[in-house]
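Chemist: Residue numbers (the working numbering), protein chains in the order written: chain C, 726 to 1166; chain X, 492 to 807.
Hints may contain errors.
Stated by the list, open to error - Partial chain C-side listing against chain X, Cβ under 7 angstroms, derived: (1) F807; (2) R808; (3) H809; (4) Y842; (5) E845; (6) E939; (7) L961; (8) I1001; (9) S1017; (10) F1022; (11) L1027.
Keep in mind the hints are simulated off the structure, nothing from the lab. Keep in mind it's a predicted model, so treat the numbers as computed, not measured. Using N, Cα and C, we set each Cβ at its ideal position, and we do this for glycine too.
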Amino acid sequence: MALTGLQIFKLLPNKNCGECDVPTCLAFAMKLAGKIAEPQACPYISDEAMEILGAAQTPPIKKIIFKNGEKEISIGAETVMFRHEKTFVNQTLIALEMTDNLSAEEFENELKRIESYKYERVGERLEPECISLKNVSDDKNNYLLKLETIQSKTEKIIILSDCNAEIIKEAMQLVDNKRLILNKVEDLSETLNIISDTQTPIVLSAKNIEELLEKVEKCEAQNFKNIILSIDFNNLNELLENNVLLRRSAIEKGFKLAGYPILTECTEEDELHSAILGICKYSSIVLLKKFSGASLFPLLTLRQNIFTDPQKPLQIDPGIYQVGEPDESSPLIVTTNFSLTYFIVSGEIENSISPAWLCIVDAEGMSVLTAWSANKFSGEIVGKAILNSGIEEKINHKKVIIPGYVAIIRGELEDKLPEWEILVGPQEAADIPKYLKEIWK
Amino acid sequence: MEFEKPLAEWKGQVQEIKLSDKVIIGGEQVFPNYSFDGKCSNKPAVAIEINDVFPENWPENLKEIWNTDTLKSPVERAKKAEKEFGADIIFFDMIGTHQDRENISANQAAENMNAILKAVDTPVIVRPDGNFEKQNKIFAKCCELAERQIIIGSAKEDNYRTITASALAGNHFIIAEAPIDVNIQKQLNILITQMNFPLERIIMDPMTGGLGYGFEYTYSVMERIRLQTFMDDPFMIPPMVCCVGQETWKIKEIKIEDEKYGSKPERGINWETTTAIGLILSGANIVVVRHPESVIKIKNFIDSIYQKSDCLQQGI
Ligand code: B12
Ligand code: SF4
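Could you build the full structure based on these sequences and the hints that come with them?
Modeler: And the structure:
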């Protein structure tokens, strides 16, 4: 549980030496409470205090780290019930199911299909991170063969599903343990023996919370740390209830047994529905069985939205950007530094045949109209941004195109840039190619 | 093992509003379907958007559904939406009243509205378009001439007076719209009630950011509004409406042509459904959509999530 500043203060040496970069121990305690400093910054802190603070700093939900190619991906480590309170930390992973009963060729095609689901939105890469390989054939060699194919052809995290201890043992020789999750193991205690050294993450599933917690307790007693929770559900109401109660127990009550990430196996009939619910309400992994680009793309976008930090909108650095290879006679276009706005506008300029200079104004990451209403995209501010950008040395004309939605700033901008011609562009970025074609000859 | 359910104790309750004999919204005392915490009350309602003039700028695969020989008029489209597509509410968006479009007059707008009111049994949300001056005229006419109770929108911070006065006189419901902002929303609710308009007849529109286009702001603002409701803030009790279709069918992502994005019509429907469900989870009592397939999917979701609780079925 989080400690208050005063509680932390009592643990500190009270020397007020300032070596932690704040003048007093009390001030340092406040920073620790606000989680904007690390206890290590005080060289005199006692081991005992360190331990208590360390425990207080570990998030109420266990963090599990995976390897995804060169990158690390984590789940868990959440600290709040509502995203506006702080932020949701680690986004829900999306797992796609494959079965091992396909022919080698079918299997490779299916894998290719899965690998094609990679998207770019707002400068971020969106893709499902996991593949779940379900043992249907009950043929060890066949299963391992398929596993090898996945492991060599993708970088995704692999969930072994419905396997017995024997298969698991061999699978662990094949695949890096940091890429594995064990789900629906056939024999729990035997499997636990196998993974007692490796601490391979394992999903514990049960019919209800009580049964699940018993399993967790047993595993904890045997010192297993990388536990993932999963509860069967008959309808979405049960899924919602279980997820909310587990999260609440962990975060609000400090109930350790409930403090593990949750995996949700989406039901096939309304897969999209359970996945949406899982992403919005506390699942760390959602496992899909029937999927297509038409369902994955909106789900990945939902996830991107829910897991952005509410305190800072995605934004890019202000300044002059080149779209294509502009020269001194290319058009100059201005917009805000909200990532979404930037990517839409630059995308549309790319669609036109005309390369361009893009002047990105520091509007604190707000969209054109939001920035304008917050007075961050006034004629004054835009004019100043253009003058300070150094663009005048790069172009041989004095024309600038402003977004149609802020036609109203034209007059003010003319006052600020008396030698310039201010052109009001279309409202929607989609009309930029046509507009450029007509006016920029 | 014993598990003590960590239940939340909320105070306050969303205002229950009876829009018609069949459609009742709000009344919940907990977050959307937290049936373990307390009373959930009425299921969210799904509205379908109908325009007075045909919306030529809709994507082809959506237009196809609404632009058949038998669906030439708004009245026919509204009937279809109610009888076949299962709309609980008709959202009559009068885009043709905008002074830069067809510039339909206030009298004509009221007539168009009455034709819809006669044709369907559902509650009808009426919303004119245009500058404030034009809208004000239409608010007044529609509220005066409506043959039955309507829900009229949108009252905004700098335009709430005429609409409030009109709706008050005609005994109608009002939509109070604020730009994704808890404080402005509350302020607006207070201003409207200060004109003696009953809070029990207000529905809030927190403004919908489309999925990928500000959705997360709406999602969190709605959660914060409901936190205030359940902390017993008397001015934050009205139910909420989200205009999902309008924010969905204009975005780029549903128009991309590329195999890995899946089929276009299906993607559009999923986009609209995902947005609507996300907003239901953050507190929407009415979601307004455009595609009949979305209606089916959203209702399936509602049925599954509201299964165990004491909630009431819309339309029974
Ligand atoms: C999400 C949102 C917010 C978020 C902020 C999101 C962000 N990072 O900017 C929040 C909730 C914080 C917010 C706050 C406010 N908002 Co706001 N917000 C929106 C919303 C719903 C979406 C904005 C968005 O993301 N659009 C997407 C981006 C990509 O659009 P864009 O930047 O305009 O770019 C498009 C075009 O302009 C064009 N384009 C861009 N650059 C260029 C350049 C050229 C040359 C050309 C040709 C085209 C072009 O291309 C893009 C796509 O076509 C809109 C309503 C809506 N549905 O649009 C209201 C809206 C913009 N907000 C509004 C208001 C009033 C506010 C507030 C003042 C309200 C308040 N709470 O006090 C505050 C101001 C901020 C502050 N004081 O901190 C109003 C603005 C009214 C007006 N006409 O001036 C709007 C229109 C809502 C409304 N109808 O009332 N808002
Ligand atoms: S370094 Fe340690 S002892 Fe010194 S002021 Fe900071 S907290 Fe106190």
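Chemist: The structure should be examined with respect to each hint, and the outcome stated for every one.
Modeler: Cross-check of the supplied hints:
no.: 1; hint: F807; result: holds (5 angstroms)
no.: 2; hint: R808; result: holds (6 angstroms)
no.: 3; hint: H809; result: holds (4 angstroms)
no.: 4; hint: Y842; result: holds (6 angstroms)
no.: 5; hint: E845; result: violated (11 angstroms)
no.: 6; hint: E939; result: holds (5 angstroms)
no.: 7; hint: L961; result: holds (4 angstroms)
no.: 8; hint: I1001; result: holds (5 angstroms)
no.: 9; hint: S1017; result: holds (4 angstroms)
no.: 10; hint: F1022; result: holds (5 angstroms)
no.: 11; hint: L1027; result: holds (5 angstroms)
When the structure is compared with the earlier hints, a violation turns up for hint 5 alone.
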